[in-house]
Amino acid sequence: NAGVTQTPKFQVLKTGQSMTLQCAQDMNHEYMSWYRQDPGMGLRLIHYSVGAGITDQGEVPNGYNVSRSTTEDFPLRLLSAAPSQTSVYFCASSGYTGELFFGEGSRLTVL
Amino acid sequence: KQEVTQIPAALSVPEGENLVLNCSFTDSAIYNLQWFRQDPGKGLTSLLLIQSSQREQTSGRLNASLDKSSGRSTLYIAASQPGDSATYLCAGDLYRAGNMLTFGGGTRLMVKP
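Chains A and Z supply the protein sequences, listed in that same order.
Just so we're aligned, residue 1 is where the first sequence starts under our numbering, counting upward by one.
Just so we're aligned, residue 1001 is where the second sequence starts under our numbering, counting upward by one.
One or more of the hints may lead you astray.
As the list claims (entries may be wrong) - Pair ranges (Cβ atoms, derived): (1) THR1058(Z) x ALA82(A): 19 to 27 Å; (2) PRO61(A) x VAL1013(Z): 33 to 41 Å; (3) ASN1018(Z) x ALA82(A): 20 to 28 Å; (4) GLU99(A) x GLN1002(Z): 17 to 25 Å; (5) ASP73(A) x TYR1095(Z): 21 to 29 Å; (6) ALA1029(Z) x ALA82(A): 47 to 55 Å; (7) ARG1061(Z) x SER67(A): 35 to 43 Å; (8) ALA1029(Z) x GLY51(A): 31 to 39 Å; (9) TYR1031(Z) x GLY51(A): 35 to 43 Å; (10) THR1058(Z) x LEU111(A): 34 to 42 Å; (11) ALA82(A) x LYS1042(Z): 37 to 45 Å; (12) THR15(A) x LYS1112(Z): 42 to 50 Å; (13) THR15(A) x THR1058(Z): 43 to 51 Å.
What the hints assert, rightly or not - Pairs of lysine to any residue, SDA-like flavour, derived with a Cα cap of 20 Å: (14) LYS1068(Z) x THR97(A); (15) LYS1001(Z) x THR97(A); (16) LYS9(A) x LEU108(A); (17) LYS1001(Z) x ARG44(A); (18) LYS9(A) x LEU79(A); (19) LYS1042(Z) x THR7(A); (20) LYS1042(Z) x LEU79(A); (21) LYS1001(Z) x GLY42(A); (22) LYS9(A) x PRO1040(Z).
Said to hold, decoys possible - If you want a taste of the chain A side facing chain Z, the calculated C-beta under 8 Å gives, among others: (23) PHE10; (24) MET27; (25) TYR48; (26) ALA52; (27) GLY53; (28) PHE90; (29) GLU99; (30) PHE102.
Quick caveat, the hints were computed from the structure, so don't treat them as lab data.
Note that the coordinates shown come from a computational prediction; the quantities given were computed from them, not determined experimentally.
Yeah, the Cβ is synthetic: ideal placement off N, Cα and C, and Gly gets one too.
Given these sequences and hints, build the entire structure.
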């Protein structure tokens, strides 16, 4: 039982490049979400999904896209990377209890 | 908008001491409150989840309480150990979605041998 798996763990991009952060969970959880963690800002919600085919914006959605075609996967797309998107990104999932399970994080640097 | 505050931001204690970490929130309509542990460079690990109908949860040396009327939660760690050194975060869920949490800034705990 792997839980929540994120790839890649580290990535360096140049300004303007695009990329996708992958997230997969094997717990059959309905709810999935993406957070970013920045020093002094804490964890902030980017996008979330309450089930396959349903997504919505969180607190800081600009510059990011998501889709949820399956229960297991919830990729986060950076459309045109900016230095302000340098951060640690966490994917999380939860089931009916509401207990949140996190991945190990993806550390992104945008030059 | 829900706001979650954790005080103190950092805490250093000698091994064996019992300690309390504090978490306050502004919206008493909170559905549940969770406590997490984060080790440096790692993800968050769920420690305890308190539903709105509950007042406390216990797991081993950890006990978390929830007082919605006063907007407070506390995490009690008994007989602290150096392995307890980490950052502890609390997060409130207003919507029972489990994934729309508002996080506090965390308390960085150091337990000295």
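Hint-by-hint comparison with the structure:
no., hint, verdict
1, THR1058(Z) x ALA82(A): 19 to 27 Å, "violated, 45 Å"
2, PRO61(A) x VAL1013(Z): 33 to 41 Å, "holds, 39 Å"
3, ASN1018(Z) x ALA82(A): 20 to 28 Å, "violated, 46 Å"
4, GLU99(A) x GLN1002(Z): 17 to 25 Å, "holds, 18 Å"
5, ASP73(A) x TYR1095(Z): 21 to 29 Å, "holds, 23 Å"
6, ALA1029(Z) x ALA82(A): 47 to 55 Å, "violated, 36 Å"
7, ARG1061(Z) x SER67(A): 35 to 43 Å, "holds, 42 Å"
8, ALA1029(Z) x GLY51(A): 31 to 39 Å, "violated, 24 Å"
9, TYR1031(Z) x GLY51(A): 35 to 43 Å, "violated, 18 Å"
10, THR1058(Z) x LEU111(A): 34 to 42 Å, "violated, 47 Å"
11, ALA82(A) x LYS1042(Z): 37 to 45 Å, "violated, 26 Å"
12, THR15(A) x LYS1112(Z): 42 to 50 Å, "holds, 43 Å"
13, THR15(A) x THR1058(Z): 43 to 51 Å, "holds, 49 Å"
14, LYS1068(Z) x THR97(A), "holds, 19 Å"
15, LYS1001(Z) x THR97(A), "violated, 23 Å"
16, LYS9(A) x LEU108(A), "holds, 8 Å"
17, LYS1001(Z) x ARG44(A), "holds, 13 Å"
18, LYS9(A) x LEU79(A), "holds, 19 Å"
19, LYS1042(Z) x THR7(A), "holds, 14 Å"
20, LYS1042(Z) x LEU79(A), "violated, 26 Å"
21, LYS1001(Z) x GLY42(A), "holds, 16 Å"
22, LYS9(A) x PRO1040(Z), "holds, 14 Å"
23, PHE10, "violated, 11 Å"
24, MET27, "violated, 12 Å"
25, TYR48, "holds, 5 Å"
26, ALA52, "violated, 14 Å"
27, GLY53, "violated, 16 Å"
28, PHE90, "holds, 6 Å"
29, GLU99, "holds, 5 Å"
30, PHE102, "holds, 4 Å"
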